[in-house]
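In case you want the letters, here they are:
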Amino acid sequence: MAVKLLLENAHVEGIRYYDAYRKHGGYRAVEKALKMTPEEIVEEVKKSGLRGRGGAGFPTGMKWSFLAKPEGVPRHLVCNADESEPGTFKDRYLMEFLPHLLIEGLIVSSFALGSNTTYIYIRGEYDWITDILEQAIAEAKNNGWLGKNILGTGFDCEIYVHRGAGAYICGEETALIESLEGKRGNPRMKPPFPAIQGVWMRPTVVNNVETLAAVVPIINLGAEAYAKIGIGKSTGTKLMSACGNINKPGVYEIDMTISVEEFIFSDEYCGGIPKGKKLKACISGGSSVPILPANLLLKTAKGESRLMNYESLSDGGFVTGTMMGSGGFIVFDEDQCVVRHTMTLARFYNHESCGQCSPCREGTGWMYKILKNLEYGKGKMSDIDLLWDIQRKIDGTTICPLGDAAAWPVAAAIRHFRDEFEWHVLNPEESQRRNYGLAHYADPIHIPVSA
Amino acid sequence: MSKSYYVQPSQSGGGIVAEKVDAKVAYIDGMAYPIKEGESILAFLRRNFGPDFVPTLCDAPNLEPFGSCRVCSVDVAITANGSSKAMASCHTPVMPGYFISPHSERIQQLRKNIIELVLTDHPLDCLTCEVNNNCELQTVAARVGVRDVRYPEGKTHTNRKKDLSHPYMTSDMSKCINCFRCVRACDEVQGQFVLSMAGRGFDSHIVKGAETSFFESECVSCGACAQACPTSAISDVFESKSVVFDKKERTVCTYCGVGCNLEVATVNGKIKSIQAPYDADVNGGHTCLKGRYAFAFYNHPDRLSSPMIKRNGEFVPVSWDEAYDFIADKLIEIKEKYGPDSIAGISSSRGTNEENYLMQKFIRAVIGTNNIDCCARVCHSPTAIGMQRTFGTGAATNSIRDLKVTDCIMVIGANPTSGHPVTGAKLKQVAMSGKTSIVIDPRRTELAKYATYHLQLRPGTNVAVLNMMLYYIVKENLEDKNFIASRTEGYEDFRQNILNLNIDEMEKISGVDRELVRKAAIAYASAPNAMSFHGLGVTEHSQGTFTIMLITDLAMITGNIGRPGVGVNPLRGQNNVQGSADMGCQPYQGAGYFDVTVPEYHKKYEEFYHAKLPNYVGLKIPQMYDAALNDKLKAMWVIGEDMAQTDPNTHHVVKALSKLELFVVQELFMTETAKLATVILPAASFLEKSGTFTNGERRIQRVNQVVAPIAGTKSDGQIIVDLMNRMGYPQPDYDPKWVLEEVSQIVPFFEGVKWDELGINGKQWPVNKEGKGTPILHVDTFKRGKGKFVYNDWKESEEIVKNGKEYPYIITTNRELEHYNCGAMTRRTGNVKIVTDDVLLINPADAQKHLINEGDMVCVESVRGKVDIKAKITDEVKPGVLSSTFHFPDIMLNNITSSISDSEAMCPEYKVVSVNIRKSKGEYKKVK
Ligand SMILES: Cc1cc2nc3c(=O)[nH]c(=O)nc-3n(C[C@H](O)[C@H](O)[C@H](O)COP(=O)(O)O)c2cc1C
Ligand code: SF4
Ligand code: SF4
Ligand code: SF4
Ligand code: SF4
Ligand code: FES
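Read top to bottom, the protein sequences are chains A and B. Reminder that position 195 of the first sequence reads as 195 in the working numbering, one-by-one numbering, no gaps. Reminder that position 67 of the second sequence reads as 67 in the working numbering, one-by-one numbering, no gaps.
What follows is a set of in silico ranges between Cβ atoms, one per label pair, in the way DEER data are often shown:
#1 B:485 with A:148: 42 to 50 angstroms
#2 A:147 with B:808: 50 to 58 angstroms
#3 A:380 with B:433: 51 to 59 angstroms
#4 B:268 with A:380: 47 to 55 angstroms
#5 A:376 with B:149: 20 to 28 angstroms
#6 B:216 with A:40: 54 to 62 angstroms
#7 A:39 with B:80: 35 to 43 angstroms
#8 A:70 with B:153: 53 to 61 angstroms
#9 A:153 with B:211: 45 to 53 angstroms
The list that follows gives simulated cross-link-like pairs (lysine-lysine, BS3-like), each with its CA atoms no further than 30 angstroms apart:
#10 B:112 with A:190
#11 A:190 with B:435
#12 B:310 with B:330
#13 B:632 with B:659
#14 B:435 with A:69
#15 B:24 with A:190
These aren't lab readings, by the way, just hints derived from the structure by calculation. Backbone N, C-alpha and C define an ideal beta-carbon position, used for all residues, glycine too.
Bound-form chain A, shown alone (with noise of 0.2 angstroms):
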């Protein structure tokens, strides 16, 4: 049986609510922190390996280390709860059941980064889940763990939650600063980056939803104890978000050490396809990480068994490898067109899109307008170069990292499905009327041995 170190309580009566939480040990996190230093925080949660789960992976210690601390100038924690991306959904799953372990995660770590008022930007159709946690932060005062002089610290902090209004492009995090300051949702230019200027100019952490709340556990456990979970650089646990042609759809909370075999096919987890089907490919980090094909997914380049951890997902980089991404694991079964598919997600970005840079702008509407023709039987060949010349002109070119996920999907899917648009272009009419199907996406690969 898997530890579980955010979702342990997640289904026990009442622990939405503050007694509840509390009787299940809640906020011993930050009795304990409010005695250490913030920099012995920072420092554990340095040595506890934690990686941001909002997308990058970037290390949160790391991170914190990066903010500047310019004599009188206020600080910011900001917790990204923007959660948009296709196919994740672990926040929201977090906030709706364990808000207070949410709550609790932020004390701690605005003590830790010196931020007195610290804002949750949500996305705006979780508007119940915002009740929830502004009904957690009255609880919270109420009992004294927010407001001013905290435990009789001389630390104060707010928490208070702000709704987006509808925009995937506002969880990239200087959008989501703008967006915060009451501006149009446009992300900024780097540099400067957030730990210098963020929020109102002033020195800011963005983080995700899971990466704050699992600042708790680290506290709790001790950094070593939590660093032991998982294998190298993926450590403590990581919550997916299943879904697509699998039988048991949901959240889980997985140690980083188990298969991704055994997540698809368990019934600890996904517990299998449905029907029977055969396995096609897989999206295993939200729809901006690189498709695989079932080969590719299930054993690396190098025939290992392919785990579900940062560094087995991306290992062989974008050529025969994807990413942990956020989360948002999308499985699809031997019934599905990957032409469709990357064709929904291309008209996602396309939507979504800011529109500030030109490569961005222009280009995401010209993926989707040319995916569109060769989903319905009215490619060319060589729209396929070029929707590959255009992916390739939008990958590391612009602004944000929105032009790079809107390429990267794009890319993969002709990459390693260049015979499925090509099938599509060869028979307009058959494209039609039925799928490609699993055709030899599930085969196993040839392995060259090295001498």
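On the provided structure of chain A, position chain B with the ligands as indicated by the hints.
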């Protein structure tokens, strides 16, 4: 593609082959070049290889980097031959040891691809586009070598509707490439926030206000967006960006003392359009709508085009010779009969330095009287006198560019966003940037809305409020003791007087909470560098000169003198207020401010002009009217001033002028004053002549003739010279070069000024023998040696003492951005379509009391007369205070203003008039 624009590193010189990473160099194509701290990669590349080295689209000379087009991307690696990343060069700081490949194969492909993408949503009708051959998209596309577009048919935005709602601004958003330059220009340059991007991604599009048109939006027509737009998506009715012009000439705007440089394009000898040069120190690519768009007056059919003599009450066109003979004969006759002091001249602060110099020379040397004054009398004469008394020089101590380094601005009695729009926009940016800003004004001006402190005092109580500030600075021990000890005199007495102030009384009469005054005083005194600005709300008062001295006291007591970002800075109303005074157009001082009564200077002038001059002071403008009424003054020559509309107490003025035997008016249009003339001389406008203007920061700038004088007119300078010749004082034809040469021999601070050496941005006086200008005055010592503290008590205006009971409201005058003074020029441009009439600002409480609704005509009555003005109900004014403009002759607001004027400079008190109001009975009544 063409590679000709590359400068190969080997050709450029200066590069050394990369070997090891040096701390202060970065590498361009493998060659090392020293970097400057804080510069972007783009700036670094351009510094070494010229402005066209890297193509850009969203970058603009006067805007912050934005990073949206990505065309400027370059490859950057952190080790030689290491893996590189594409980075937008415009906003990425260059770091030591960067290896930059500005034109790698990959980058060239990227640029090409981006432009290709942009072109997929752009109407390809270059040949018929108004900016053809001056379009940045076109240029960049040609440079990166886009030939054809590989994309299939798709939805585009090439059929968007044009916006032609506005008299000046136009837009055709089919041509938009989403570079945000217009949005940034409106935000960063003008600070108006009209434009924004709506929608996102492919749907993003520029909107004005809440998706309205230019006309309905809050746009102030500054044109910054049109100039910034790289395509024709935003432009103007004059098609200013088109290449269809014969020549472009640089000159200086005539509408205010900011002195913006203008680049005027002409076609077939007619003005086509005006743009703002980016390399202008004063306005760096910006103007207001007056400078940029309000030029159509110059060839308006109403322009006077022939000299005229009034015969039997009718103006009869005559030849120049006839007019000159008539004037010369008459002047000689009057001079013989009544003596030279029966003649007076009023010069124009609109004219060039050279013309002003010649006019005062004519009056002094040819007529032989000191009866010379100019319209600065009615605006900034107290500034000149007040600052001369305390500092020794009646001019701005600092430069506008100092706004970049100041920590605090204090704006007193000025509404710069309307009166001095380009400086106003800069002040607004400072206020919005979060730096401390203090506004002292009875009106909640646009700037006041952004200010940290707004001291909304009752009109006529400037002295009270400034004294309160001084009181708190002393009380809080915030004086700069070192500065006071080493640089000033008279402080002890001054301090005692300040400490004896009755704060209760001052608070009561000014109506400003003492706590607010205290905070503002502390803010001003504790800012490392504080800069003050003032306008006519200071000078046009009975205590105008005293107020000026208090402003200088504030600067001295806090040591805010003699370095960048500080000082006392008058905002000059007209374009050459500074110059007309410098040139000696005042009855007590000649060119260079030498006192005409001091024997030494009297002699100096007599020798210089080879003429006999009076050694006593002449008449100031208000005294001229009195003298005319008393039959002492018989002849008057006025250049470009509409006193009958703009001087206070119209009845009095008209009566005086009507009594003159000879009244010569030199004008562009048939103004209210011209109608009273005996002889009218049609003058050329600033666009039709050359010379120099001196702006509010003492900057002498070249005005260059753009078009020939319209038929039948002559420049003021030529007219004066012609008359001098007629009257036996030979002078060469008007040419600024020789006049300036002569001026430099008599005006010490013009010593090194030479017509050919002024350059495009002019020089700030004093200009020494070597030709070096002076951006900041009083650096080591004051002009008068030590700065002098002068205390002045507040005194109620006579107007209120006498009439306040019966006429309990106070009306103050102001102006609109869109119009200039009497409106003779701006009312003959598209500006009238934007602002159509004068309005009376009235507080809702007062409006309610008199049952006045928005737009009702209100009868405003003073002891001298009454006028009807349309009401605009607003809380910009406090209850009991009214405010109105005076741009339209229908209203003749000056029927009600008083003849009271500043005790020292005789500047009229426009800003405090006791009146009563009631709703007008009739519909709209014109007042005769
Ligand atoms: C287009 C875009 C959307 C993003 N959306 C989210 C999001 O919804 N939630 C999130 O935590 N991070 C999101 N991120 C990542 C954030 O920019 C940021 O890296 C993250 O919040 C950092 O937190 P972490 O270090 O805890 O992972 C997004 C990034 C991009 C480019
Ligand atoms: S990459 Fe796309 S979403 Fe990001 S700033 Fe540029 S246009 Fe906006
Ligand atoms: S003309 Fe000036 S105020 Fe109007 S939208 Fe353009 S920049 Fe803004
Ligand atoms: S209107 Fe012009 S300046 Fe504004 S975004 Fe479009 S192209 Fe750029
Ligand atoms: S700010 Fe003054 S000088 Fe500049 S354009 Fe406007 S009126 Fe002319
Ligand atoms: S010029 Fe640098 S991104 Fe446009």
